[in-house]
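Asker: Protein chains in written order, with this note's numbering: chain A, 6 to 561; chain B, 2 to 315; chain C, 3 to 273.
Hints listed in this document are in silico derivations from the structure and should not be mistaken for laboratory results. All C-beta atoms in this analysis are idealised placements derived from N, C-alpha and C, irrespective of residue type, glycine included. There may be inaccurate statements among the hints.
[Stated by the list, open to error] No more than 27 Å apart at the CA atoms, straight line, and that leaves these computed lysine-lysine pairs for BS3-like:
#, chain 1, residue 1, chain 2, residue 2
1, C, 171, C, 96
2, A, 412, C, 171
3, B, 8, C, 171
4, A, 246, A, 262
5, C, 96, A, 436
6, A, 246, A, 39
7, A, 436, A, 412
8, A, 546, A, 262
9, A, 43, A, 246
[Claimed, not checked] One-sided excerpt, in silico: chain A residues whose CB lies under 7 Å from chain B:
#, residue
10, 36
11, 37
12, 76
13, 79
14, 82
15, 102
16, 105
17, 106
18, 115
19, 135
20, 159
21, 165
22, 170
23, 404
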Amino acid sequence: MTSSGHKYPGGGRRPGAEPPLLALDGLGVAIHGKPILKDLSLTLQPSEILAMTGESGSGKSMTALAAMGLLPHSAQITGRISLGDTLLTDLSEPQLCDIRGRQIGMIFQEPMTALNPVQTIGHQVTETILIHRAMTPARAEERARDVLARVGLPPDRFPLTRYPHELSGGQRQRVCIAMAIALRPRLLIADEPTTALDVTTQAQILELIRTLVREENMALLMITHDLAVVSGMADRIAVMKAGEIVEQGPTAQLFAKMRHPYTRALFEASRHRADLHGLTPGAPLLALRDVTRDYPLPKTRLFQPRQNFRAVDGVSFDIREGERVGLVGESGCGKSTLTRAILGLEPVQSGSITLNGAPVYTGGHPNLDVRRQMQVVFQDPYGSFNPRHRVARLITEPFHLLPDPPKGQARDNAISEALTAVGLHPDDAGKYIHAFSGGQRQRIAIARALIIRPRLILFDEAVSALDVRVRAQILDLMADLSRQYGLTYLFISHDLSVVRSITDRVLVMRAGRIVEHGPTDAVFDAPQDPYTRELIRAAPKLPDLKGETDAARPAL
Amino acid sequence: MLRYALKRLASLAVSLLVASLVIFLVVEVAPGDPASYMLGINAQPETVAALRTELGLDVPKYQRYLDWVTGMATGDFGTSYTYRAPVSQMISDRLWVSLPLALYALTLSTLIAFPAGIYAAARRGRLGDMGVMAATQLGVAVPNFWFAMLLVLLFAINLRWFSAGGFPGWDDPLQGIKALTLPAIALALPQAAILARVMRSSLLDILGEDFIRTARAKGLSRRQALWRHGLRNALIPVLTIIGLQFSFLLAGAIIIEQVFFLPGLGRLIFQSITQRDLIVVESVVMLLVFAVIVVNFAVDLAYAAVDPRLRTRS
Amino acid sequence: MNRSLILGLALTLLFVGAALVSFLWTPGDVEAINIASRLQPPNADNLLGTDHFGRDILSMIMVGARTSIAVALVAVGIGMGAGVPLGLTAAARKGGWLDELIMRGNDLIFAFPSLVIAILITAVFGPSALNAIIAIGIFNIPVFARLSRGAALSLWQRDFILAARVAGKSGARISAEHILPNIANLLIVQGTIQFSLGILAEAGLSYVGLGAQPPVPSWGRMLADAQTMVALAPHVAIIPGLAIVGMVLGLNLLGDGLRDALDPRLRILRT
Numbered sequence: 006m007t008s009s010g011h012k013y014p015g016g017g018r019r020p021g022a023e024p025p026l027l028a029l030d031g032l033g034v035a036i037h038g039k040p041i042l043k044d045l046s047l048t049l050q051p052s053e054i055l056a057m058t059g060e061s062g063s064g065k066s067m068t069a070l071a072a073m074g075l076l077p078h079s080a081q082i083t084g085r086i087s088l089g090d091t092l093l094t095d096l097s098e099p100q101l102c103d104i105r106g107r108q109i110g111m112i113f114q115e116p117m118t119a120l121n122p123v124q125t126i127g128h129q130v131t132e133t134i135l136i137h138r139a140m141t142p143a144r145a146e147e148r149a150r151d152v153l154a155r156v157g158l159p160p161d162r163f164p165l166t167r168y169p170h171e172l173s174g175g176q177r178q179r180v181c182i183a184m185a186i187a188l189r190p191r192l193l194i195a196d197e198p199t200t201a202l203d204v205t206t207q208a209q210i211l212e213l214i215r216t217l218v219r220e221e222n223m224a225l226l227m228i229t230h231d232l233a234v235v236s237g238m239a240d241r242i243a244v245m246k247a248g249e250i251v252e253q254g255p256t257a258q259l260f261a262k263m264r265h266p267y268t269r270a271l272f273e274a275s276r277h278r279a280d281l282h283g284l285t286p287g288a289p290l291l292a293l294r295d296v297t298r299d300y301p302l303p304k305t306r307l308f309q310p311r312q313n314f315r316a317v318d319g320v321s322f323d324i325r326e327g328e329r330v331g332l333v334g335e336s337g338c339g340k341s342t343l344t345r346a347i348l349g350l351e352p353v354q355s356g357s358i359t360l361n362g363a364p365v366y367t368g369g370h371p372n373l374d375v376r377r378q379m380q381v382v383f384q385d386p387y388g389s390f391n392p393r394h395r396v397a398r399l400i401t402e403p404f405h406l407l408p409d410p411p412k413g414q415a416r417d418n419a420i421s422e423a424l425t426a427v428g429l430h431p432d433d434a435g436k437y438i439h440a441f442s443g444g445q446r447q448r449i450a451i452a453r454a455l456i457i458r459p460r461l462i463l464f465d466e467a468v469s470a471l472d473v474r475v476r477a478q479i480l481d482l483m484a485d486l487s488r489q490y491g492l493t494y495l496f497i498s499h500d501l502s503v504v505r506s507i508t509d510r511v512l513v514m515r516a517g518r519i520v521e522h523g524p525t526d527a528v529f530d531a532p533q534d535p536y537t538r539e540l541i542r543a544a545p546k547l548p549d550l551k552g553e554t555d556a557a558r559p560a561l
Numbered sequence: 002m003l004r005y006a007l008k009r010l011a012s013l014a015v016s017l018l019v020a021s022l023v024i025f026l027v028v029e030v031a032p033g034d035p036a037s038y039m040l041g042i043n044a045q046p047e048t049v050a051a052l053r054t055e056l057g058l059d060v061p062k063y064q065r066y067l068d069w070v071t072g073m074a075t076g077d078f079g080t081s082y083t084y085r086a087p088v089s090q091m092i093s094d095r096l097w098v099s100l101p102l103a104l105y106a107l108t109l110s111t112l113i114a115f116p117a118g119i120y121a122a123a124r125r126g127r128l129g130d131m132g133v134m135a136a137t138q139l140g141v142a143v144p145n146f147w148f149a150m151l152l153v154l155l156f157a158i159n160l161r162w163f164s165a166g167g168f169p170g171w172d173d174p175l176q177g178i179k180a181l182t183l184p185a186i187a188l189a190l191p192q193a194a195i196l197a198r199v200m201r202s203s204l205l206d207i208l209g210e211d212f213i214r215t216a217r218a219k220g221l222s223r224r225q226a227l228w229r230h231g232l233r234n235a236l237i238p239v240l241t242i243i244g245l246q247f248s249f250l251l252a253g254a255i256i257i258e259q260v261f262f263l264p265g266l267g268r269l270i271f272q273s274i275t276q277r278d279l280i281v282v283e284s285v286v287m288l289l290v291f292a293v294i295v296v297n298f299a300v301d302l303a304y305a306a307v308d309p310r311l312r313t314r315s
Numbered sequence: 003m004n005r006s007l008i009l010g011l012a013l014t015l016l017f018v019g020a021a022l023v024s025f026l027w028t029p030g031d032v033e034a035i036n037i038a039s040r041l042q043p044p045n046a047d048n049l050l051g052t053d054h055f056g057r058d059i060l061s062m063i064m065v066g067a068r069t070s071i072a073v074a075l076v077a078v079g080i081g082m083g084a085g086v087p088l089g090l091t092a093a094a095r096k097g098g099w100l101d102e103l104i105m106r107g108n109d110l111i112f113a114f115p116s117l118v119i120a121i122l123i124t125a126v127f128g129p130s131a132l133n134a135i136i137a138i139g140i141f142n143i144p145v146f147a148r149l150s151r152g153a154a155l156s157l158w159q160r161d162f163i164l165a166a167r168v169a170g171k172s173g174a175r176i177s178a179e180h181i182l183p184n185i186a187n188l189l190i191v192q193g194t195i196q197f198s199l200g201i202l203a204e205a206g207l208s209y210v211g212l213g214a215q216p217p218v219p220s221w222g223r224m225l226a227d228a229q230t231m232v233a234l235a236p237h238v239a240i241i242p243g244l245a246i247v248g249m250v251l252g253l254n255l256l257g258d259g260l261r262d263a264l265d266p267r268l269r270i271l272r273t
C-alpha cells in the first residue's frame, strides 16, 4: 500500500501497528477536467477517528464520496484508494455495491432529506441488511429493532412502522446512523453529520457516534467544517484547503503546533471576537411588552375547536440606543417569529412592540415611519437578492420607505458611500449579484440595510452560512459600522459563539419565552437557567492552547 | 386517512354543484326556445305551450335547475326534446362504447409510458434515452384523429386486419374489443408520449434526491435504487398527469368516435347540437365533467396511498 | 444555441412564414373549384396535389396555417393575460380566501376539457372560429394560473422578497417588480408549449366541425373532408396531418430548446 513511496506527513504508520484500514494514495479527482482533489494521501487505522476539516469547497465531501465510490459520473479519478487489502479503485460497480453498506457505512449531512419519505424506517434499516443477503428477513427485522434501540430509538416508542416525517431531525439522523451501522461495517464515514442539527441535538449525536465507534470497534472518517467539533472527537486531523491536505497529525499535536498558516488562520477565525467599542447605552430604542404570537394549528378532528400554537409567549425586553444584543435559541424556539413581528411584517395577538415609542404595526399595516429606522440582514447570501437587478438597484430598495428618496447625484453618492462603508468599491454598483462571493454578498446586504441610515439593524443568522474566515471579517465589519454610525444591533442566531463574539447583552429564548438575559459574558460564564447551562455545555469547544492566558482565551 | 378522504369528498361535492350550475346557466342563455324550434315557425302558440309543459320548460328557472340536478342524482336525466326518449337511456347505451374506449386507451397509454419512461431515465443521456425521447417528441405532436386515419389506412384498408369503423356491440366481447382496438391505440399513443416524458423527468428529479444517495451508500446499485426508492416517489407527479389525461382521453374519445363511426357519446352530442336537443347536451356535458371530477378524486386518494405524509397530515 | 432550438425555430418560422406569405400570394386560388382536376396526387402544377374540389392543397395549407396560428396565439394570449395575474395574486395572498377562490376556480375549469367548453359554446351560439379561440383560451387560463402561482410561491419564500417587504413594498408591487421578471422565462417556455397544444386543439375542434367554418380553410377541416377519400387519394389525408405535426413539433422543440437555453431547471406543465 505504501509501496509508491508516499510519505504520510504527521500521521504515518506507527511501527508494528496493523496495516491501515483505509488508505488514499495520491488520490486526484477532476470534474470536467477541473481538478477538485490533488494528490491526496491519507491513512486511517482500524478503530481510529480521523477528522477532515476545511472550508467549503476544500474537497472534504468529495474525498468521502471518492472513498465510497459514489463520485458523479463526470468525475475522473487518479491514484489509489484501498480498504484493508482491497484496492477499491480497481473494483467493478457490483463489487463496490457489495462493500458499501457492509464494510463501509456512511452518514450524510441533511437528515431531513436523507430518508425516503414513502418508506417506513424499519423498511429502510432492514434494507441495508437484506440487500447484502446477510440475514433472513425475520432476523433482519430483529436486528433492525436492536440497532434502532442502540441509536436511541427503542422499539416501544419508535416502532419500525414509523415514517420519517413523524420524526424530528435528530431522530432521523439516528435512523441514518442505524442504517449505516446495521451490518457493523469496519469503516464509518460521516459527512457533516450534525451541521443541520441544533446544538443540544448535535452534542447527543456526536456522543452517540463516538460511543458506537468505540464499542463496535469501527474506524470513523469524520468530515466537518467545525474545528471545535473536530477537536472534541478526533484522534487525528487532516486540514484541507483547495483540494489538498495542508497539514495532518494527531489532534493534540496539531493544535499545539499548527505548522501551516492556514490551520492557524482557521483556528484564529473560529475563536474570533469582534472588537466592540465601549458601550454607553442611550435611551430605550426598541421596547417589547408582553408580546404574544399564536398560529392556528390544523384541526385534528372535525368538530373540535381550533387550537393555537403559541410561537411567542409573553416576551418583554428593551434594547437601548447603541446596544448590541443577541437573541439565541434553537430552531422552533420562536426567534424567527419574533423577528418578523419586530419588523412589523406580521401582527401580534397581544402586547406591544414599539421603536422609539411608536408601534411597529398599526391599524392592520406595518408602520412605515417606524420601519424607516429599522433594517434587516438575512442569512442566505444567495437568496437575499433578486438575480435580475444590479447592485445599485438592490441596495437602494429601502429608499422606497422614504417620502422623498434621493435622486440623481444624491442617490449615486448614497450608493457609493454605502458600498465603501462595507468595504466594496463604488464601481460594484453596476454589477449583478452573481459576480460576488458569499461574503461579498453579505457585505452588499449590509450596505442595503445601511443606506437609509437606520437606528436599529436586525441580523437574522447573518453570518451562519459563511465560512469561518469570512465570518470573522464580516463580524469585524459589523463592529466597525456600529462604532462609525452609532448603530443598535439585534443579533438573532442559533450559534452561541457568534453571539458571544459580537454582543454586549444576550437573551436566551426557549419555547416562545425568554428564559435568561443579561450581559453576554455573565450569561456565558455563569448561566443561571438550566436550559442556558445545557446549551452552553452542549456547544463544542476549541481546545485550550498552551501559553495563552485565561484572559486572552475565549471560553467558547 | 379518513379525514383526508372526507375532505376531498366534500370538495368533490362542491365542484360538482358549481359545475352543474355553470353548465345550466350557459345552456340557459342559449337563444331560442327548444319547443318552438322543435315545432317549427308555423306552430300554434297553444301547441308550443303544451309542449313546453310536457318538456317541463314552463316552470321558473331555479325550479328547473333543481329538478335537473335532483333528477340526475336519482338517475333521471329528463326527456330528449327530439327523440322524446329518456336521456338516461340514450346516454347509458352510448356510455358502453365511450367509457370502455377511454379506459382501454388509458390502460394502453400507461402500459406503454411506464416502461418507456423508466427505461429512458435509467439510460439517461445514452442512445436508448435519446431514441425514446425522439419518439415521444414526435408522439406529442401527432393529432390523435389524424393518427387514427393513418391506422385505418394501414390496418383496415391496406392490411384488412381490422374493420375501418362501426361497432358490433358487446354480444361478443372479443369482437367488441377488436373494434375498439384501433381507436384505443390512436388515443393512447400520443398520451403515452406525454406520460413517458413526465415519468422520465420525474424519475430523474427523484434520482437527484439525497435519499437515493443514502440508498447507494447502503450498497444498492443504481438500478436497485431506482426501482426501490425512485419509482414510488416519482409516481406522485405522474399520477397528477394521469388524472389530467383522463379528461383529455374522454374528449379525445369523442373526436376519435367520429373517425371510426362509433356509436358513442361523441356521436350523441354532435347530433344533439345540430338538433338543438339542449337537455341531452347539458346532461352529456355534466356526465363528462362528473367523470373528470371523480377521476381527480380517485387520483387524490391514490396520492394518499403513495405518500404517507398525506395520510397523517393535512 | 442547441439543436432543438435551431430545428424548432426553423420549423416554426417555416409555417409562420407560409401563413404570412399567404396574405400576399398563394400558388393557387383556394376558392377556385375545379372538379376536373380533383384528387390529383402531387405534381408539377400542384406541388402537394389537389383535394376533392380540385383546389391546390399547398395553398390550402398556407391559408390554413393562418387560422391555426391565429386561433392558438390568441388563445395563449387569453390564457396568459388572465392566468398570470390570477396566479400571481393567489400567490401573494397565499392561504387567504382570494387564493382559495382562484385555485378552486382553476380546478373547476380543469374539469371542463376544452372540447367540452367548445361543445357548450357551440350548443349556445353555433360553431365558429371564435368558439375555438374562447374554448382553448379558457382552458389555458388555469394552466398559466397554476404555473405562475407555483413558481411565485417558491419565490415568495426567498429572502429577497422579504427584503422588499421590509422596504415597505406592497404585494402587487413585489409581484410586478420581483416575481414577474423571475418567472418570465418559465412563462415564455410554457407559452410555446400551450401554443403547440392550441394548434392541436384547434385542429381537433375544426375536425369535428366546432371550429372555423367554411369557406375559411383550416387544417382540421381539410382532414375531415379527406376522411372519406383516404382509400382513393391518401395524400389528401396525409398532407394536412403532416402540416399539423410539423408545426406542433416545431413549437415543442422550440419550447424545449428555449428552456435549455434559458434555464434547464424550469418545470413545464405538460398535459
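Asker: Any CB of chain B closer than 7 Å to the CB of residue 165 (chain A)?
Answerer: violated, 14 Å
Asker: With a cut-off of 27 Å on the C-alpha distance, tell me whether residue 246 (chain A) and residue 262 (chain A) pass.
Answerer: Holds, because 18 Å separates the two Cα atoms, which is no more than 27 Å.
Asker: Between residue 43 (chain A) and residue 246 (chain A), does the CA-CA distance stay at or below 27 Å?
Answerer: holds, 10 Å
Asker: Starting from residue 96 (chain C), check that the Cα of residue 436 (chain A) is at most 27 Å away, please.
Answerer: Violated, because 33 Å separates the two Cα atoms, which is more than 27 Å.
Asker: Checking hints one by one. Is residue 105 (chain A) an interface residue toward chain B, by the C-beta closer than 7 Å rule?
Answerer: holds, 4 Å
Asker: Is the hinted pair residue 546 (chain A) and residue 262 (chain A) satisfied, with a Cα-Cα distance of at most 27 Å?
Answerer: With a Cα-Cα distance of about 18 Å, the restraint between residue 546 (chain A) and residue 262 (chain A) holds, given a limit of 27 Å.
Asker: Min Cβ distance, residue 170 (chain A) to chain B: is it shorter than 7 Å?
Answerer: holds, 5 Å
Asker: Hint check: is the beta carbon of residue 106 (chain A) less than 7 Å from a beta carbon of chain B?
Answerer: Hint on residue 106 (chain A): holds, closest Cβ of chain B at ~3 Å, below 7 Å.
Asker: With a cut-off of 7 Å on the beta carbons, see whether residue 102 (chain A) makes it to chain B.
Answerer: holds, 5 Å
Asker: Given the hint that residue 8 (chain B) pairs with residue 171 (chain C), test it: the Cα-Cα distance must not exceed 27 Å.
Answerer: Since the Cα atoms of residue 8 (chain B) and residue 171 (chain C) sit roughly 36 Å apart, the hinted pair is violated (cutoff 27 Å).
Asker: Checking hints one by one. Is residue 82 (chain A) an interface residue toward chain B, by the C-beta closer than 7 Å rule?
Answerer: violated, 17 Å
Asker: Hold the hint about residue 115 (chain A) up to the distance rule: shortest CB distance to chain B must be less than 7 Å.
Answerer: holds, 6 Å
Violated hints for the displayed structure, listed by number in ascending order: 3, 5, 10, 11, 12, 13, 14, 19, 20, 21, 23.
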